[in-house]
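Once you know that position 184 of the sequence shown is 184 in the numbering used here, the rest is easy, because the numbers rise by one and skip nothing.
Please keep in mind that the hints were generated in silico from the structure rather than gathered at the bench.
Only a predicted model underlies this, so the values are computations on that prediction, with no experimental measurement involved.
In this text, a Cβ means the ideal position worked out from N, Cα and C, and glycines have one as well.
Among the hints, a few may not be true.
[To be verified] Listed next, with one range per pair, are the computed distances between beta-carbon atoms: (1) 86 - 175: 21 to 29 Å; (2) 51 - 110: 22 to 30 Å; (3) 175 - 68: 18 to 26 Å; (4) 40 - 105: 35 to 43 Å; (5) 68 - 172: 16 to 24 Å; (6) 107 - 82: 16 to 24 Å; (7) 173 - 113: 30 to 38 Å; (8) 161 - 84: 37 to 45 Å; (9) 108 - 168: 35 to 43 Å; (10) 165 - 140: 19 to 27 Å.
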Amino acid sequence: MSEPSRGPGPGAPLARVPRELPKWARRLALAATLCIVSSPLTAYLIDSGLDDPAEAERACHAVLQAVIPRVETAFIDAYTDVDELPTHAKAAQAALFEMGRARGEGDPGMAIDLDVSQPEHVRLLYAFASWSIGTELYDDGMRWVAYISDTASSVSFNVTEEEAVSIRAALKDIPMITHLEHDRRRP
Numbered sequence: 001m002s003e004p005s006r007g008p009g010p011g012a013p014l015a016r017v018p019r020e021l022p023k024w025a026r027r028l029a030l031a032a033t034l035c036i037v038s039s040p041l042t043a044y045l046i047d048s049g050l051d052d053p054a055e056a057e058r059a060c061h062a063v064l065q066a067v068i069p070r071v072e073t074a075f076i077d078a079y080t081d082v083d084e085l086p087t088h089a090k091a092a093q094a095a096l097f098e099m100g101r102a103r104g105e106g107d108p109g110m111a112i113d114l115d116v117s118q119p120e121h122v123r124l125l126y127a128f129a130s131w132s133i134g135t136e137l138y139d140d141g142m143r144w145v146a147y148i149s150d151t152a153s154s155v156s157f158n159v160t161e162e163e164a165v166s167i168r169a170a171l172k173d174i175p176m177i178t179h180l181e182h183d184r185r186r187p
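Can you build the whole structure from these sequences, using the hints too?
Structure (structure tokens):
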């Protein structure tokens, strides 16, 4: 069971963070906001190094499958730490860079805004999230839903109990723990 933080109560609207702010400033503002919001969500992380690309992709797909219905905003970086990408990931990376260039400003490979109401954008998310150096998913209140970073070596998600059950079933042998359990393990 999750331990809710003190705050204005579940479902309380969050102030929207202006998109024109730099990515680091948006993250800081969102993190500060998360500290005061109470919700029926529990934060989890994958409790193993996902060194096998197929396992990393499976973990990312399990999380995406469970949370996509709740995601309003998605940002993905088109950069990767991997030298050799599989064909589907290369094609997705090229499409993401094209979307980034179409913005006409900033780094074309960073914080590419995906519209999860568009099937093609969701396809790109599934194809490249586990290969990206950074993928961020937020709900309609700009509360974090999932972070997938460093080519899926770090996968965190903030989910309902039902979503956690779905993810755990799809992960099978890949362990997931709450952030609280992780923090208790620290020396």
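Please list, smallest to largest, the hint numbers that this structure does not respect.
Hint check: nothing fails, all pass.
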